[in-house]
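Asker: The chain contents come next:
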Amino acid sequence: MSEEQIKNLETQFEARIARDEKIEPKDWMPEKYRKTHIRQMSQHAHSEIIGMLPEGNWITRAPSLRRKVALLAKVQDEAGHGLYLYSACETLGISRNELYDQLHTGKAKYSSIFNYPTVTWADMGAIGWLVDGAAIINQVPLCNTSYGPYARAMVRVCKEESFHQRQGYEIMIKLANGTPEQKEMAQDALNRWWWPSLMMLGPTDDKSVHTEQSMKWKLKRKSNDDLRQQFIDQTVPQADLIGLTIPDPDLKWNEETGHYDFGEINWDEFWQVVKGHGPMNKERMKARVGAWERGEWVRDAAVAYADKKQNRKEKQAV
Amino acid sequence: MKNQNLYNYILGIADNSLILGQRMGELTGHGPSLETDIACTNISLDLFGQVRSYYQYAAKIAGDKRTEDDIAMLRKEREYVNVLLVEQPNTDFAYTIARQFLFDVYHFMFLTELQKSRDVTLSAIATKSIKEVSYHQRFSSDWIKRLGDGTEKSKSKIQNAIDSLWTYTDELFHQVEADKVMVGENIGVDVTQLKDNYYQRVNAILTEAMLEVPESKWFQKGGKEGVHTEHLGYLLSDLQYMQRAYPNMDW
Chain A
1 MSEEQIKNLE TQFEARIARD EKIEPKDWMP EKYRKTHIRQ MSQHAHSEII GMLPEGNWIT
61 RAPSLRRKVA LLAKVQDEAG HGLYLYSACE TLGISRNELY DQLHTGKAKY SSIFNYPTVT
121 WADMGAIGWL VDGAAIINQV PLCNTSYGPY ARAMVRVCKE ESFHQRQGYE IMIKLANGTP
181 EQKEMAQDAL NRWWWPSLMM LGPTDDKSVH TEQSMKWKLK RKSNDDLRQQ FIDQTVPQAD
241 LIGLTIPDPD LKWNEETGHY DFGEINWDEF WQVVKGHGPM NKERMKARVG AWERGEWVRD
301 AAVAYADKKQ NRKEKQAV
Chain B
1 MKNQNLYNYI LGIADNSLIL GQRMGELTGH GPSLETDIAC TNISLDLFGQ VRSYYQYAAK
61 IAGDKRTEDD IAMLRKEREY VNVLLVEQPN TDFAYTIARQ FLFDVYHFMF LTELQKSRDV
121 TLSAIATKSI KEVSYHQRFS SDWIKRLGDG TEKSKSKIQN AIDSLWTYTD ELFHQVEADK
181 VMVGENIGVD VTQLKDNYYQ RVNAILTEAM LEVPESKWFQ KGGKEGVHTE HLGYLLSDLQ
241 YMQRAYPNMD W
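Chains as they are written, first to last, in the UniProt record's numbering: chain A, 1 to 318; chain B, 1 to 251.
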């Protein structure tokens, strides 16, 4: 294809997106579009899979049967999200095994928040309330993103995330209205998860490398800073309502802007965790790589069995 | 308690689901593939759903202040009456599948009969649960076949797991006092009647999976009387942790 033809295709492509048309797997797309989508969607899928670990950590110890069932269902939802995000990714011509390989070798990133440990039951509440809360703010705009399979996956993901968020908040309500020990547990969880949750919305706009192109492709519709402000404005009243204190002495309502002002985020900590030196980075990778390696003989057996079955079928047909 | 036998009988059913559900829940996030991970979590979820129905009913029968969670989480090790099979650890995926398979075949037959119970609550729980257990049985049987007729390695691993767990199968058909009384009242299932069919079905699937049916006639029992393998205590430490560390609180 000549350079001019490609340019022509690109112009048509951008025009389709501008008209809010969906791009489907078989449509022509610029290579950069394909790569950017593989990167973002797989990162999202990996986050779902790694995200199963901190919560999975409390399944055997959930305090009541009702909570155990809800937690199991939640973590199962996350596995489901991973599954259809990987599938959506595969429509762009990359296999799930290749994506796993990128995760296991550290080439692909996942949401840094999952590199923090879950040390009490209240962390199940804080994760649902804050982490899923921040995820929804990131993800709702993606229901209208330009790539069809991703947009459709996100519609379902967001519905379930919103349920998880309410479930998490409900755990916090119960703790906050419980015994002094329970309330302290809830406050402690909020203290530990608040700042990492703010970091989840990404680096500040001046430090964010992907924003401009992503905006054009509707992979992103608001800047990181705007999303973060939205998250804070939404969450602070929820904390107030249940008598928990946001661990930020600089947090205060600003009449003029109509938003909360908030304190300095420790970006050194953010980059430290992103670069692999958070409290649980090594453990999370060890768990995933370990599960994958221990499962190899199982996957091999499934393939061998399917092949044998196919052969028998063919022989019968002859 | 007026209905002590019925109460004990319900626990005898429910504890199996509780302990097996707990074992399956340990695997979430650590499965050999995403699909099996989801399936194992789902089985755990189904079993805990059943557990809740049984214990809520048991709590009602007890008629005092105890709740489903008290029954699930505040008994001593000697008071759990699950069969030894379900408490065996997730040594590897072969053990997980073998344990599930050996239990599922029994569980399906048991619930089929329990649907006919004179006790309408038990019958209703059985009718709801059997749909789920039918899926569990299909999942574990399919995996027995995949592993048995897959690679040399998988065949040897699943054979080894079946051989090891075989010793716990006979206990499924052992009756304790409450079982006998409940059978007499047309509430309980006469498990002794299930035994021949059970081994026929298990043997057929093992054979189809190119596996040997173990010949050992040495069996272990004791779970139904609360005498467990050493594995149970550790499982309960996890299960009961919150209730023990923070007693008398709502969650």
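In case anyone wonders, no lab produced these hints; they're calculated from the structure.
Take these hints with a grain of salt, some might be off.
[Stated by the list, open to error] Selected chain A positions facing chain B (Cβ under 10 angstroms, derived; list incomplete):
1) Asn57
2) Ile59
3) Lys68
4) Leu71
5) Ala73
6) Tyr86
7) Pro203
8) Thr204
9) Ala301
[As the list claims (entries may be wrong)] Listed next, with one range per pair, are the computed distances between beta-carbon atoms:
10) B/Gly233 / A/Glu184: 47 to 53 angstroms
11) B/His231 / A/Arg156: 35 to 41 angstroms
12) A/Lys207 / B/Arg66: 55 to 61 angstroms
13) B/Arg66 / A/Leu251: 40 to 46 angstroms
14) A/Asp233 / B/Lys153: 54 to 60 angstroms
15) B/Met249 / A/Asp233: 31 to 37 angstroms
16) A/Asn191 / B/Asp70: 28 to 34 angstroms
17) A/Leu251 / B/Pro247: 48 to 54 angstroms
18) B/Glu79 / A/Leu241: 38 to 44 angstroms
For each residue, glycine too, the CB sits at the ideal point set by N, CA and C.
Asker: Next, verify each hint and record whether it holds.
Answerer: Against the structure, the hints come out as follows:
1. Asn57: holds, 9 angstroms
2. Ile59: Holds, because the Cβ-Cβ distance from isoleucine 59 of chain A to chain B comes to roughly 4 angstroms (cut-off 10 angstroms).
3. Lys68: Holds. Min distance 6 angstroms.
4. Leu71: Leucine 71 of chain A check passes; min Cβ-Cβ to chain B is 9 angstroms, inside 10 angstroms.
5. Ala73: holds, 6 angstroms
6. Tyr86: With a closest approach of 7 angstroms, the tyrosine 86 of chain A hint holds.
7. Pro203: Status violated, d = 28 angstroms.
8. Thr204: Constraint on threonine 204 of chain A not satisfied, violated at 32 angstroms.
9. Ala301: holds, 3 angstroms
10. B/Gly233 / A/Glu184: 47 to 53 angstroms: violated, 30 angstroms
11. B/His231 / A/Arg156: 35 to 41 angstroms: holds, 39 angstroms
12. A/Lys207 / B/Arg66: 55 to 61 angstroms: holds, 56 angstroms
13. B/Arg66 / A/Leu251: 40 to 46 angstroms: Cβ of arginine 66 of chain B to Cβ of leucine 251 of chain A: about 44 angstroms, so the range 40 to 46 angstroms holds.
14. A/Asp233 / B/Lys153: 54 to 60 angstroms: holds, 56 angstroms
15. B/Met249 / A/Asp233: 31 to 37 angstroms: holds, 33 angstroms
16. A/Asn191 / B/Asp70: 28 to 34 angstroms: holds, 32 angstroms
17. A/Leu251 / B/Pro247: 48 to 54 angstroms: Because 36 angstroms falls outside the window, the suggested range is violated.
18. B/Glu79 / A/Leu241: 38 to 44 angstroms: At roughly 42 angstroms between Cβ atoms, leucine 241 of chain A and glutamate 79 of chain B fall inside 38 to 44 angstroms, so the hint holds.
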